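The listed protein sequences derive, respectively, from chains A and B. For the first sequence, the positions run 1162 to 1545 when this note's numbering is used. For the second sequence, the positions run 1162 to 1545 when this note's numbering is used.
In case anyone wonders, no lab produced these hints; they're calculated from the structure. On a predicted model such as this, the values are computed, not experimentally measured, just so you know. Some hints could be false.
Claimed, not checked - Derived BS3-like pairs: lysine-lysine, alpha-carbon spacing no greater than 30 Å straight-line:
1) A:K1326 / A:K1404
2) B:K1378 / A:K1243
3) A:K1326 / B:K1502
Stated by the list, open to error - To spell it out: a stretch of chain A is covered by chain B in this simulated footprint if at least three of its residues, at any positions, have a beta carbon under 8 Å from a beta carbon of chain B; those stretches are:
4) 1232-1245
5) 1271-1279
6) 1323-1333
7) 1472-1478
Said to hold, decoys possible - Here are some, though not all, of the chain B residues that point toward chain A, as calculated from beta-carbon distances under 7 Å:
8) V1253
9) V1256
10) L1276
11) E1300
12) V1305
13) S1308
14) T1311
15) Y1320
16) Y1417
17) T1424
18) I1425
19) N1427
20) T1496
We treat Cβ as the ideally placed atom computed from N, Cα and C, and that holds for glycine.
Number of protein chains: 2
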Amino acid sequence: MKINLYLLLLGILLGTTVAQSQPPRGPFVISPKVNSDKTVTFSYLAPNAKTVLLGGSQFGQADVPLTKNAEGVWSVTVGPIKPDIYPYSFKVDGVTVMDPANVAFFPNERFKASLVEIPSDEPAIYALKNVPHGSITYEYYPSVEGSTGTVVVYTPAGYTKETAKKYPVYYLISGTTDTEETFWKVGKVNLMLDNMIAAGTAKPMIVVMPYGNPLAKIAEQTGKDKPADVMSRDGDDALRRMKLFETDLVAHVIPYIEKNYRTINNRDNRAIGGFSRGGGQTLRTAFNNVDKFAYVCSYASYISPAEMDKSFTNITSNPDKTNKDFKLLWSGIGTDDFLYKGTVEFEDYLKAKKINFKSYVTDGGHTWMNVKKYLNETLPVLFK
Amino acid sequence: MKINLYLLLLGILLGTTVAQSQPPRGPFVISPKVNSDKTVTFSYLAPNAKTVLLGGSQFGQADVPLTKNAEGVWSVTVGPIKPDIYPYSFKVDGVTVMDPANVAFFPNERFKASLVEIPSDEPAIYALKNVPHGSITYEYYPSVEGSTGTVVVYTPAGYTKETAKKYPVYYLISGTTDTEETFWKVGKVNLMLDNMIAAGTAKPMIVVMPYGNPLAKIAEQTGKDKPADVMSRDGDDALRRMKLFETDLVAHVIPYIEKNYRTINNRDNRAIGGFSRGGGQTLRTAFNNVDKFAYVCSYASYISPAEMDKSFTNITSNPDKTNKDFKLLWSGIGTDDFLYKGTVEFEDYLKAKKINFKSYVTDGGHTWMNVKKYLNETLPVLFK
């Protein structure tokens, strides 16, 4: 009866009859199940599947086969796994799918992955703890070319009840095909700041998380075709996107935030940072707008020496001024990151030009596990 | 080069090598593409798939086959489709998947579906228009049994800049396995209110969207196994969940909201409503807390005559009082809804007991397309 009602509801919610909706679900699947020994049991109901693999997992080897029980539930237990938050997916007969039993997902425009958190014995800095919590707010604002933009804003605990106190602002930009949701739903920047502010290790601040590709919003809202491959990092398309983002941030997002939030409006109280493409947008926007940002954090990104020579002599021609201007120029990278080599070249270039910066090198690759490490290093030193 | 970089980034983001990540993607797929004639073209890249169907679609027949081109991109054009927002998914060799190229998704704990909006010539009441926009805020609050709850709050345009103005509050509860995100990401209650408030047809109000199944949060945070089948509507489990929700709302959510937001704190300025399970929680919570809510909206839900006789004689024994207490008791249902018969019985029961209520019957089933119709009927009459 329960299952029938479930199927019926599911079928009708999905706009199909039960028969049409999907194979009978049978048992109520719990997945993932994090066990006390830090192993994790993943389960997927697919009575008719031939193979089910655990794919896209950053723990253990990828593509671990699941085994099917009499009820048609495939499962596998992996680990123990190092405590962290990991993306994963299933490959069912070769098709990559999110875990239907898991509501935690990775917001991204081009792939679908679920998220599993393995808690550590001593709660991690990004864990949900019993401390005062800030809020996450989604705003619509007037963006480039008449479009309506979306931006996500973290305000620290107590913000809503105060009426006068003003805060510094960290503009934090996510990676290619990530969305304005990724830095809090995957990066947990809100919980990290809740914990750091409660511990007195980070200054109370507002974090503004813009959407990195306003060109797509314009296309969406004007009904124009979406621009081709958003992944390109060079060519006119990439440059137009980069410039459009900078225009959106400086001419639309910042004025909107400073009009609607209690912000301290000067360069010493504005920081900018980002991951991957967002890091490239960070460096270019900061170097083009030295009057606006005193703190600059590049998470796994760089600008090539050639582009630096071509476009940013304003930064390199007078290192003394640049070193005074930037209270922090921070660059973090993982040794397994596919952008490691380019980042090292960038840092060597800055050294040669006598530009001060702080370098942080860790193990691991181009992952959000590493982004949390970069946040853990940089959030405590902003606005100090 | 672009594709290689994309694959590499995707692979590494997902924590697998390129080879492991998934079949080569080839072209950059745009899906869905809403055409000017209101047909929609759905595309999915799967060079190795044997069959790809458009499943879970509420437009046209379900399970429309897609056809594969030379590049391995499957696609189909359907419609013209009646303007609305619809859930859909693909069935790739029998496996139900979200559209990887579409970031718009249906927040739900038990199934994955993407969303497509077909705009109407005269923008719909739920469309994103060029009007002042309210904000959506995610809050953490101290919930039942020491757990930390999550709740989503809509505040109307201008709220953040005012310091004194107070607002009535609509507590709005989503359906079984929906989340606290569903009423804005699928139901678009925020955009509907933005448009109605701008047009002067609805009163400016705060909307509070709680998570409907606090028992799951407790399990999640205590590491206990999640409770079995959350779909059950009867039995001790269902009753415990129902009671726990009511306790959470009345003893935790409302006090938290009234402490942190500028609310008018009396029954005439509190409304409660919900869809499906959330409608059942609405009716039971309202009937158990007549002192708290003057406006009650049931979207596709009911209480059985047997349960009414057993548990809610406080409502039926003195109809004159009840009819004074509730400024609005509203019940909406679709003729194709699997809860239609039970809703009609409930309404007949109320009639027989001389309890005033407003009935709204529409075509269609147990869908969020109908939920938007119910919101369109009820939002304008709240707090008037």
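A quick look at each hint next to the structure:
1. A:K1326 / A:K1404: 33 Å, violated
2. B:K1378 / A:K1243: This hinted pair holds, its Cα atoms lying about 23 Å apart.
3. A:K1326 / B:K1502: With Cα atoms ~56 Å apart, K1326 of chain A and K1502 of chain B exceed 30 Å; violated.
4. 1232-1245: violated (count 0)
5. 1271-1279: It holds, with 4 qualifying residues against the three required.
6. 1323-1333: The restraint on the segment 1323-1333 of chain A is violated, since only 1 of its residues have a Cβ under 8 Å from chain B and three are required.
7. 1472-1478: Check failed, 0 qualifying residues.
8. V1253: 4 Å, holds
9. V1256: Since chain A brings a Cβ to about 4 Å from V1256 of chain B, closer than 7 Å, the hint holds.
10. L1276: For L1276 of chain B, the interface hint is violated, since the closest Cβ of chain A sits about 12 Å away, which is over 7 Å.
11. E1300: This interface hint holds because 6 Å falls under the 7 Å limit.
12. V1305: Cβ of V1305 of chain B sits 15 Å from chain A, so the hint is violated.
13. S1308: Cβ of S1308 of chain B sits 10 Å from chain A, so the hint is violated.
14. T1311: 10 Å, violated
15. Y1320: 10 Å, violated
16. Y1417: 11 Å, violated
17. T1424: 12 Å, violated
18. I1425: 17 Å, violated
19. N1427: 21 Å, violated
20. T1496: 13 Å, violated
Hint compliance for this structure: hints 1, 3, 4, 6, 7, 10, 12, 13, 14, 15, 16, 17, 18, 19, 20 are broken, all remaining hints hold.
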